[in-house]
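**Student:** Put chains B and C on the given structure of chain A with help from the hints.
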Amino acid sequence: MTSTVTRTLRLASAEGVNPRQRRAARRATVSAIGWQVLGIAVFLIAWELVARQVNYVAILPSPSAVVANFQASMFDDPGLRYLGVKNPGYLINIAYTVGISIGGWALGSAIGVLVGLSSARLQFMRNISEPLLFVFGAVPVLVLAPFFLVWFGNGVGNKFVLVTFYAFVTVAMVAQSAALAFPKVTEEYAAGLGISSAGRFWSVILPGTMPAVLSGLRLALSTSIAVTATVELLGSESGAGRLIALRATQANISAVLALAIAVGIVAILLDLLLRVVIRSALRWQ
Amino acid sequence: MTTMQYTQSSESIGSDLAFDISDLVVSFGVGNEVITPIKGLDLQVPRGQFLCILGPSGQGKSTLLRCMTGLQEPTSGSVKALGQEVEGPGHRLGMVFQQDAIPMWQRVRDNISFGPRMRGVPKSEWEPRVEHFIHAVGLSGRERAWPKQLSGGMRKRTAIAAVFANNPDILLMDEPFGSLDYFTRATLHNTLLALWEETQKTIVFVTHDVDEALKLADRIVIVSNGVIGADIAVDFERPRSDELRMNPAANEMRQVLLDQLESKVEI
Amino acid sequence: MSTATTVRRARSFDSKLRTKARTWPLFIGALIALVVWEIIAQTLGKASPQASQVLPSVTSIVTDGFTGLSNFFRGGFGVSSTANGSETSVLGAVLALLVNGFITVVRVIAGLVAGVVLGAVLGFLVSGVRPLRYSLTGVAELMRMLPTLAMAPLFTLWFGATTLASIVFIIFGVMFIIFVAVTNAVRNIPPEIIEYPRTLGISKFKLYTSVIFPAVLPEIRGPLMFGGLVAWTSALASELYGIQSGLGWMMGETLKFSLVGQMVIVAVIFSALALLTMRMLSWLINRATVWN
Chain A
1 MTSTVTRTLR LASAEGVNPR QRRAARRATV SAIGWQVLGI AVFLIAWELV
51 ARQVNYVAIL PSPSAVVANF QASMFDDPGL RYLGVKNPGY LINIAYTVGI
101 SIGGWALGSA IGVLVGLSSA RLQFMRNISE PLLFVFGAVP VLVLAPFFLV
151 WFGNGVGNKF VLVTFYAFVT VAMVAQSAAL AFPKVTEEYA AGLGISSAGR
201 FWSVILPGTM PAVLSGLRLA LSTSIAVTAT VELLGSESGA GRLIALRATQ
251 ANISAVLALA IAVGIVAILL DLLLRVVIRS ALRWQ
Chain B
1 MTTMQYTQSS ESIGSDLAFD ISDLVVSFGV GNEVITPIKG LDLQVPRGQF
51 LCILGPSGQG KSTLLRCMTG LQEPTSGSVK ALGQEVEGPG HRLGMVFQQD
101 AIPMWQRVRD NISFGPRMRG VPKSEWEPRV EHFIHAVGLS GRERAWPKQL
151 SGGMRKRTAI AAVFANNPDI LLMDEPFGSL DYFTRATLHN TLLALWEETQ
201 KTIVFVTHDV DEALKLADRI VIVSNGVIGA DIAVDFERPR SDELRMNPAA
251 NEMRQVLLDQ LESKVEI
Chain C
1 MSTATTVRRA RSFDSKLRTK ARTWPLFIGA LIALVVWEII AQTLGKASPQ
51 ASQVLPSVTS IVTDGFTGLS NFFRGGFGVS STANGSETSV LGAVLALLVN
101 GFITVVRVIA GLVAGVVLGA VLGFLVSGVR PLRYSLTGVA ELMRMLPTLA
151 MAPLFTLWFG ATTLASIVFI IFGVMFIIFV AVTNAVRNIP PEIIEYPRTL
201 GISKFKLYTS VIFPAVLPEI RGPLMFGGLV AWTSALASEL YGIQSGLGWM
251 MGETLKFSLV GQMVIVAVIF SALALLTMRM LSWLINRATV WN
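Residue numbers (my numbering), protein chains in the order written: chain A, 1 to 285; chain B, 1 to 267; chain C, 1 to 292.
Careful: at least some of the hints might be erroneous.
Stated by the list, open to error - Straight-line alpha carbon distances no greater than 20 Å define the calculated PhoX-like cross-link-like pairs of lysine-lysine that follow:
#1 C:Lys206 <-> B:Lys123
#2 B:Lys80 <-> B:Lys39
#3 A:Lys184 <-> C:Lys20
Said to hold, decoys possible - What follows is a set of in silico ranges between Cβ atoms, one per label pair, in the way DEER data are often shown:
#4 A:Ile33 <-> B:Leu17: 44 to 50 Å
#5 B:Glu127 <-> A:Leu49: 55 to 61 Å
#6 A:Ala58 <-> C:Lys46: 51 to 57 Å
#7 A:Leu49 <-> C:Val121: 21 to 27 Å
#8 A:Ser203 <-> B:Asn247: 54 to 60 Å
#9 A:Ser203 <-> B:Glu87: 54 to 60 Å
#10 C:Thr209 <-> B:Tyr182: 36 to 42 Å
#11 B:Asp181 <-> A:Gly99: 55 to 61 Å
#12 A:Ser203 <-> B:Glu85: 41 to 47 Å
#13 C:Thr23 <-> A:Ser64: 56 to 62 Å
#14 B:Glu85 <-> A:Tyr189: 52 to 58 Å
#15 C:Lys20 <-> A:Gln71: 53 to 59 Å
#16 C:Val113 <-> B:Gln84: 44 to 50 Å
These are calculated hints, taken from the structure and not from any lab test.
In this text the structure is predicted, and so the values were computed from the model without any measurement.
Glycine included, each C-beta is placed from N, C-alpha and C at the ideal position.
Here chain A stands alone, though its shape is the one from the complex (with noise of 0.2 Å):
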């Protein structure tokens, strides 16, 4: 006799995940959700009420004052226009920073991927990109802005190669220290199915090591957004970081404040977006 009660019992205690399990969990992240959407809401409610209370808007704009900046500039801003900016909308610039980090992203993410993997395997690699590693993996890859706007003038062209080698560096050490952490036993049980060496690359390694990379590119690819608006504000023709040192020679904040907030906000849709993709390649997990 099998009441209702032992049935659940019995479901509780099976190993693995079962649909139970996984309904609460979901459920628990549903709250913990609502209750991140509460904390920010929180935030925007006590900033809007500190800047009231300042009301000084060359100190601290209010929230509804920074989305107003955003509004009136959405596409087009007289003021920018007159000091020579040639496309002043905010949109457009935007779209101008964040298409050059995602460009370099892939490009650099692509090599750091198969250069980090393979040093890991092939000492001759390792030995090749050690040196870059080492030492830009240590050390803020800001420091070749200043050269690379020298060398390659205040254009896309600086930023693309700034980009690329930071997400190359970044992505090339999490492929790197994955592909060393990663079990020897499954690749030693693959050789002993008579896999090659080769084959085992890219049967074993690449997709082992997946889920680690692909949480490194989801880093470097908000961190290449940041770095391309900073070297922005050396010195370019356009893009967010240009408008934001335009407008901070005015001391508009609002402006400031608006332009980070919408490049931040884009980062944001594409993580979430890159988190979407990376949930649907990591299924077996």
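**Tutor:** Okay, now just chains B and C, sitting in the frame of chain A:
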């Protein structure tokens, strides 16, 4: 070498039962459903007894043990330890975990003195006790080692010595030797029994291994379906290693226990 | 002889699976970089005289490039500034690097320490209360995704072109990284690690200081190193933009006049200091987690 006697602390005298559990119910909400691993369980444990709680996984024995230490609050019913309601974890109810729960950043000696040191017990009081138990579990010479440098069996010895050095009234053990190999387990059984005989403390020991229970226990209870399914006194002479192999009564009891467990296992 | 063959054979499969870090490639790499730089510089230098400023030869970097840095010295210690008409000198260059290097190091250390302490304390306080942890992590995650580096001008507007602005900016960059790392690390402690001390009868305060704090140390190793890198990057960003002292300011000035020779020297010193900081952080964590 003086022999040391560690008796129950005077405040605990007042009940001759180490544990008095009546009508214990524990339910959890998992999602929108409620599961009830303990459903109205009664159990009395006299002082000084070595009790083994036996049962297959998922039948509530770990939940029962967590209620006895105060790590789990009962939904209803009462758990009394030495005459007092258990209201939360504390130094009077020592616990040895299945996993390595000892702080890995404390050397062996510091780990064994961890409890009394952190509670602010005067050093003069705990120091001889710590030395004694280091010696008693066979860790002399390894006092300065980090736990990570020790084998799994040695880490378990450290965990056991640490709990004894904290001088609890009762010890609870949740499958402490579950992850160890056969020979390590056998030597640890002897160490534990020697400490039990020396200190005369009550021990409640959860296991799913019939032979382990037969070797250690005065009494075996089987938890099944959230209640006590069987309650068997084990009165073979100690030490038992040979006794268990030669005595036909022991074989018979093993068979009874295995039959009992088999009827409870649901696959 | 036979033992040698056995040893070699026994090693062979294992070495095919994983590589090892070697020291000599670092030296060879540095040497190759120098040689390649020199070849390009010489070739370009022959083509046009202007190129020797944009890509100066190694010899001119260590001579003219180095002494040129004395332009960044504002006088003192018995050496007068080039602004007062004195010649560029090795001593002036060394003093310029020492003074500005010291200023940057002070900013980095102050900001890093304050950021780590603030982030960690907040992380530990919040990790006990789940709703609070969730809500604050949401804000921190948001802050982490902002292009904080590009917000350097904001801090100059708020605090002026001062050391304080630089330090607050570094704190702003480091704090959220450490906060998120600590809350995650506390959440990932296995339950029995916290339950065991509770069964020993240890107080809540001691539980935090003697169990939870050491238990998270190995897990915040990576974030702490990353925080160190962010601290140096933030210092550079804040000094490049607005503040009139420090190694970053020197770099910004050399950029303004495209003086690559001087830029190289400052960049090398800056990188060496950052590298040293990372090594020290790694050493500190190793010291604190010898037990691991």
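**Student:** Now, for every hint given, state plainly whether the structure supports it.
**Tutor:** Hint check results:
1. C:Lys206 <-> B:Lys123: Cα-Cα ~17 Å, so holds.
2. B:Lys80 <-> B:Lys39: holds, 17 Å
3. A:Lys184 <-> C:Lys20: Given that 20 Å is the threshold and the Cα spacing comes to 15 Å, the pair holds.
4. A:Ile33 <-> B:Leu17: 44 to 50 Å: holds, 49 Å
5. B:Glu127 <-> A:Leu49: 55 to 61 Å: Cβ of Glu127 (chain B) to Cβ of Leu49 (chain A): about 58 Å, so the range 55 to 61 Å holds.
6. A:Ala58 <-> C:Lys46: 51 to 57 Å: Because 54 Å falls inside the window, the suggested range holds.
7. A:Leu49 <-> C:Val121: 21 to 27 Å: This hint holds: roughly 25 Å between Cβ atoms.
8. A:Ser203 <-> B:Asn247: 54 to 60 Å: holds, 57 Å
9. A:Ser203 <-> B:Glu87: 54 to 60 Å: Holds: the Cβ-Cβ distance is about 56 Å, inside 54 to 60 Å.
10. C:Thr209 <-> B:Tyr182: 36 to 42 Å: Cβ of Thr209 (chain C) to Cβ of Tyr182 (chain B): about 40 Å, so the range 36 to 42 Å holds.
11. B:Asp181 <-> A:Gly99: 55 to 61 Å: holds, 60 Å
12. A:Ser203 <-> B:Glu85: 41 to 47 Å: violated, 60 Å
13. C:Thr23 <-> A:Ser64: 56 to 62 Å: About 58 Å separates the Cβ atoms of Thr23 (chain C) and Ser64 (chain A), which means 56 to 62 Å holds.
14. B:Glu85 <-> A:Tyr189: 52 to 58 Å: holds, 54 Å
15. C:Lys20 <-> A:Gln71: 53 to 59 Å: holds, 57 Å
16. C:Val113 <-> B:Gln84: 44 to 50 Å: Holds, since Val113 (chain C) and Gln84 (chain B) (Cβ atoms, about 48 Å apart) stay within the stated range.
When each numbered hint is compared with the structure, a violation occurs for hint 12 only.
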